[in-house]
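A.B. asks: The primary structure of each chain is shown beneath.
Protein chains: 2
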Amino acid sequence: MSDLYDVAAIGNAIVDVIAPATDAFLAEEGLTKGAMILVDQARSAALYRKMAQGLEASGGSAANTVAGLASFGGKGAFMGKVANDLLGEVFTHDMRAIGAHFPNTPLIGGPATAVSMINVTPDAQRTMSTFLGASVQFADDDVDPAVVEAAKIVYLEGYLFDAEPARRAFAKAAGLAHGAGRMIALTLSDSFVVERHRAGLLGFIESQVDLLFANESEVTALFETTSFDVAVEQLRQRVTLAAVTCSEQGSVILTQGERLSVAAEPVEKVVDTTGAGDQYAAGFMFGLARGRPLQQCGKLGSLAAAEVISHYGPRPQVSLKALAASRAIL
Amino acid sequence: MSDLYDVAAIGNAIVDVIAPATDAFLAEEGLTKGAMILVDQARSAALYRKMAQGLEASGGSAANTVAGLASFGGKGAFMGKVANDLLGEVFTHDMRAIGAHFPNTPLIGGPATAVSMINVTPDAQRTMSTFLGASVQFADDDVDPAVVEAAKIVYLEGYLFDAEPARRAFAKAAGLAHGAGRMIALTLSDSFVVERHRAGLLGFIESQVDLLFANESEVTALFETTSFDVAVEQLRQRVTLAAVTCSEQGSVILTQGERLSVAAEPVEKVVDTTGAGDQYAAGFMFGLARGRPLQQCGKLGSLAAAEVISHYGPRPQVSLKALAASRAIL
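Protein sequences appear in the order of chains A and B. So in this note's numbering, spot 54 of the first sequence is number 54, and the numbers just go up one at a time. So in this note's numbering, spot 56 of the second sequence is number 1056, and the numbers just go up one at a time.
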């Protein structure tokens, strides 16, 4: 089959509500800074009542990555589940507006479209409380074989390990992708997700994953170590290719033979780190799908991450293609 | 009655959908750059389908001004009409989250909450297509006398001249305000609004308005002249106090005796001019309500406008109180 897509992603279809918050607010609400917790609809509504004035934007980790890929000029597809409601319309609109293929129909008569309440502290860190709603109804039937088989890279969002039907969908997608000679990429998403599903994630990584994305806290959580170097060495033994992001220290790219360091792109003022990892993955996979050297893939990732943390909102607000061209990275 | 509020505003309760657009898109859609047109629900939906990926945020001109006032540490109230739907909840949440009093109950069984589709071109200009929905159901019954009589300044949004019941509400508010010795402020909102309601606006200004806000194109449209100086002189003869904004040329403050010029606050990169006039009015009225000299009122307006045009979204994303303190303007 021909390559219709650079990346086909599977993830939670979520609309974000983003608002500034104080550290005291996080403490009062029992929220761990930088992490994502799952909340039910009642808790979601109660938290919203207490949050500051915010703005709403389509989010979802893998969906943000597809948006970043599209901004580089890449061709993406996204599979995920929204409900038949206003936020579902917003999410669907935004996916189509970026030119991504979004084959899934909205859920009717079930829970509402997923919402993530994102509290951004003055240090620009984001803390997420997510009501998964319709997004966890994503099941193996929602995996479109034609889409998976036509993508150079099939990208899976680790957050979906929280939902049993989605884990089965991952297994289906991985089988289809490898059957068609495609690459499976996975992001670990969150250190709490890693804690909840360590064994399942390790098994999946060893058997199915060709490219792993993680940050420092996720990779150390995965191997239950406080040593970044130990974790990275463990990871190298298990995957062909990995990219580990380390915030302002840039990223480390691991292959069987080498360990490359990529500097972070300088940012004048970090406003909101929401989407940083998602955009790094977007740049990295755009480069990889287009056959660029790994160092350049990492630079594209750093550039995309730097853009998204300079403003509120989880997706790029400028053309990453033009931005990369202006910096001579593309 | 004691001063409970620095400003009580009456305006359209609107949620904005903000997205980047090209000049070619405006031309295809027959949109006049920088202006606001009214659309019905079908046209609103059709336009949304064609718009780029965007973000959603509570807007509405006078409501944005109340948000700016609150960001300076001022006490505001807002009167306007939302529907009993998700966007109405978002608008209401954001009004209460900024600490503003919002006495009106949502409309049940009528049109949806108002939405403004805002297309932002690369020159940062915003072009608005507004579906007024529930907001035009605002009527004189929705004017809370206790709120009007307890506000130092009662601020009216010119956009409401498009709705007959809202014009009656303005007349009621003006009567109540003047009966309580309060000041009535009006913004002209848009040159097309001025064209549609010139006679009505002039009559209202001469009989009721103590403080007028306008920009260059609105004030010249009001007096049917191409000369800014002619328009400004005409205006000075009709109101006690006026502030006319001139984009990067700053603003002109007119009193019976003088004409003050206030420089614009420099902005590194203008991203989206949505809300610039609203925030100018916020800063100006905060200063005025707190008894500051007119030059300082203008500077507070310029500062607030500069903040809001440096990012997407119609309301401040930082504390204007802290920003003004850091520049020694407060």
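You may find that some hints are simply not true.
Straight-line Cα separation of at most 30 Å, DSSO-like style, residue types lysine-lysine; simulated pairs [as the list claims (entries may be wrong)]:
1) B:1321 with A:33
2) B:1050 with A:152
3) A:50 with B:1050
4) A:321 with B:1033
Computed Cβ-Cβ distance ranges for the label pairs, DEER-style [stated by the list, open to error]:
5) A:326 with B:1319: 29 to 39 Å
6) B:1269 with A:246: 20 to 30 Å
7) B:1145 with A:49: 26 to 36 Å
Here are some, though not all, of the chain B residues that point toward chain A, as calculated from beta-carbon distances under 10 Å [what the hints assert, rightly or not]:
8) 1019
9) 1057
10) 1067
11) 1085
12) 1094
13) 1168
14) 1171
15) 1180
16) 1232
17) 1236
18) 1239
19) 1313
Calculated from the structure, these hints are not laboratory results. For every residue, glycine included, the Cβ atom is placed at its ideal position computed from N, Cα and C.
A.B. asks: Does each hint fit the structure? Answer for all of them.
C.D. replies: Now the hints, each set against the structure:
1. Of the pairs offered as hints, the one joining residue 1321 of chain B and residue 33 of chain A holds, with about 26 Å between alpha carbons and a cut-off of 30 Å not exceeded.
2. Distance check on the hinted pair: residue 1050 of chain B and residue 152 of chain A sit about 29 Å apart at the alpha-carbon level, within 30 Å; holds.
3. At most 30 Å may separate the alpha-carbon atoms for a hinted pair to count; residue 50 of chain A and residue 1050 of chain B exceed this at roughly 35 Å.
4. Restraint check: the Cα-Cα separation between residue 321 of chain A and residue 1033 of chain B comes to about 26 Å, which is no more than 30 Å; the hinted pair holds.
5. The hinted window of 29 to 39 Å between residue 326 of chain A and residue 1319 of chain B holds, with their beta carbons roughly 32 Å apart.
6. Distance hint check: the CB atoms of residue 1269 of chain B and residue 246 of chain A are about 29 Å apart, consistent with the given range 20 to 30 Å.
7. For residue 1145 of chain B and residue 49 of chain A, the hinted distance range of 26 to 36 Å is satisfied, since their beta carbons lie about 28 Å from each other.
8. Satisfaction of the interface hint for residue 1019 of chain B is found here, the shortest Cβ-Cβ separation to chain A being roughly 8 Å, below the 10 Å cut-off.
9. Proximity of residue 1057 of chain B to chain A holds as hinted, the smallest CB-CB distance being about 4 Å (cut-off 10 Å).
10. Taking 10 Å as the C-beta cut-off, the interface hint given for residue 1067 of chain B holds, the closest approach to chain A being about 7 Å.
11. With a cut of 10 Å, the hint placing residue 1085 of chain B at the interface with chain A holds, because the nearest CB-to-CB distance is about 7 Å.
12. Interface restraint check: residue 1094 of chain B against chain A, minimum CB-CB distance 4 Å, threshold 10 Å, status holds.
13. Using the Cβ-Cβ criterion of 10 Å, the hint placing residue 1168 of chain B at the interface with chain A is not satisfied: the shortest such distance is roughly 30 Å.
14. Because the smallest distance between the Cβ of residue 1171 of chain B and any Cβ of chain A comes to about 31 Å, over 10 Å, the interface hint for this residue is violated.
15. At a threshold of 10 Å, the smallest CB-CB gap from residue 1180 of chain B to chain A is about 29 Å, leaving the interface hint violated.
16. Taken as an interface hint, residue 1232 of chain B does not check out: its beta carbon lies about 35 Å from the nearest beta carbon of chain A, beyond 10 Å.
17. Interface restraint check: residue 1236 of chain B against chain A, minimum CB-CB distance 37 Å, threshold 10 Å, status violated.
18. Checking residue 1239 of chain B against chain A by beta carbon gives a least distance of about 32 Å; that is not within 10 Å, so the hint is violated.
19. With 10 Å as the threshold, the beta carbon of residue 1313 of chain B comes within range of chain A, its nearest partner Cβ sitting at about 6 Å, so the hint holds.
Of the hints listed earlier, those the structure fails to meet are numbers 3, 13, 14, 15, 16, 17, 18, in rising order.
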